[in-house]
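Could you build all of it, start to finish, from the sequences and the hints given here?
Residue numbers for the sequence shown follow the numbering used here, so the first one is 5 and each next one is one higher.
Any given hint could turn out to be false.
Estimated spans, in silico, between C-beta atoms of each pair [said to hold, decoys possible]:
hint	residue 1	residue 2	range
1	Ile14	Asp120	38 to 46 angstroms
2	Asp120	Glu11	43 to 51 angstroms
3	Leu66	Asp36	29 to 37 angstroms
4	Ser163	Ile82	22 to 30 angstroms
5	Tyr34	Ala102	24 to 32 angstroms
6	Gln157	Ile14	16 to 24 angstroms
Pairs of lysine to aspartate or glutamate residues, derived as EDC-like cross-links and limited to a Cα-Cα distance of at most 20 angstroms, are as follows [said to hold, decoys possible]:
hint	residue 1	residue 2
7	Lys35	Glu112
8	Lys111	Asp36
9	Lys111	Glu129
10	Lys111	Asp69
Keep in mind the hints are simulated off the structure, nothing from the lab. Backbone N, C-alpha and C define an ideal beta-carbon position, used for all residues, glycine too.
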Amino acid sequence: MNRTEREQQIQLLWALVFALLSALAITLFYKDAYRPLDETAFRIAEMVQTPWLTAVMKTITLLGDAIVVAPLGALIIIGFFLRGYRIEALIILVTLVAGNWLQDITKEIFARPRPDAFHLIALPESYSFPSGHAMVAVAFYGVLAYMLKRVGQDAPWRSWITPLYSLLLVGLCLSRIYLGVHYASDVLAGLCFSAVWYFLVRYVYNHAVNVYRPSRHSLFK
Numbered sequence: 005m006n007r008t009e010r011e012q013q014i015q016l017l018w019a020l021v022f023a024l025l026s027a028l029a030i031t032l033f034y035k036d037a038y039r040p041l042d043e044t045a046f047r048i049a050e051m052v053q054t055p056w057l058t059a060v061m062k063t064i065t066l067l068g069d070a071i072v073v074a075p076l077g078a079l080i081i082i083g084f085f086l087r088g089y090r091i092e093a094l095i096i097l098v099t100l101v102a103g104n105w106l107q108d109i110t111k112e113i114f115a116r117p118r119p120d121a122f123h124l125i126a127l128p129e130s131y132s133f134p135s136g137h138a139m140v141a142v143a144f145y146g147v148l149a150y151m152l153k154r155v156g157q158d159a160p161w162r163s164w165i166t167p168l169y170s171l172l173l174v175g176l177c178l179s180r181i182y183l184g185v186h187y188a189s190d191v192l193a194g195l196c197f198s199a200v201w202y203f204l205v206r207y208v209y210n211h212a213v214n215v216y217r218p219s220r221h222s223l224f225k
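Set out below in structure tokens:
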């Protein structure tokens, strides 16, 4: 088994791990076992609320809204396509469409009402479980970060991708709890669900690149 095959197997293994964690998250949801976690998270959120932090969280949470993700995704797809990176463009497109569909389906299945303890922004009309912003943070921004690291191997800022993405991931997830529009358990479930998608997409993406484009110049040369 060569290195590429081993890496592919590891990605499938991680997808399986998060699938099992997703099953656990669903089981705990139906057993109403999240109450202590959710109540504690909201108490902490209320304790640390300040005007400046609220302004920061309101700004960060916009990065997971459709009004930002949709046009940003469109620009990224066009950019990849014009540069000849058709595989990346197609996968980002599928990620956006399928991710939105999966988010809507899962919310309707679990039909959990939004929190009513407090909310610092208007409550979305959709259901609460799982968090769509947490799913976007992993499924869209996570896949994008991985692709940029792969196609931008010679870019001077490549080393900044992981820390910047990590800050975005944490910020988006915490903002939903801080603003009172999601329970902590919504966010955890969203992370688990979308992590399955993330590792499956990585598997498909790497396989497609290795088969159809074994060598390619950097996107940013």
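Results for each hint:
Distance hint check for Ile14 and Asp120: the Cβ-Cβ separation is about 42 angstroms, which falls inside the suggested range of 38 to 46 angstroms. Our hint of 43 to 51 angstroms for Asp120 and Glu11 holds, since their Cβ atoms are close to 45 angstroms apart. The supplied range of 29 to 37 angstroms is met by Leu66 and Asp36, whose beta-carbon atoms lie about 32 angstroms from each other. At roughly 26 angstroms, the beta carbons of Ser163 and Ile82 sit within the given window of 22 to 30 angstroms.
Separation of Tyr34 from Ala102 is about 25 angstroms and conforms to the stated range, judged on CB atoms against 24 to 32 angstroms. Evaluation of the 16 to 24 angstroms hint for Gln157 and Ile14 yields a pass: the beta carbon distance comes to about 20 angstroms. Distance hint between Lys35 and Glu112 is fulfilled; the C-alpha atoms sit about 18 angstroms from each other, no more than 20 angstroms. For the proposed pair Lys111 and Asp36, the alpha carbon gap of about 17 angstroms is at most 20 angstroms, so the pair holds.
In summary, the hint linking Lys111 to Glu129 is supported, as the alpha carbons are separated by about 11 angstroms, within the 20 angstroms threshold. A C-alpha spacing of about 16 angstroms is found between Lys111 and Asp69, which places the hinted pair at or below 20 angstroms, so the restraint holds.
Violated hints for the displayed structure: none, as all numbered hints are satisfied.
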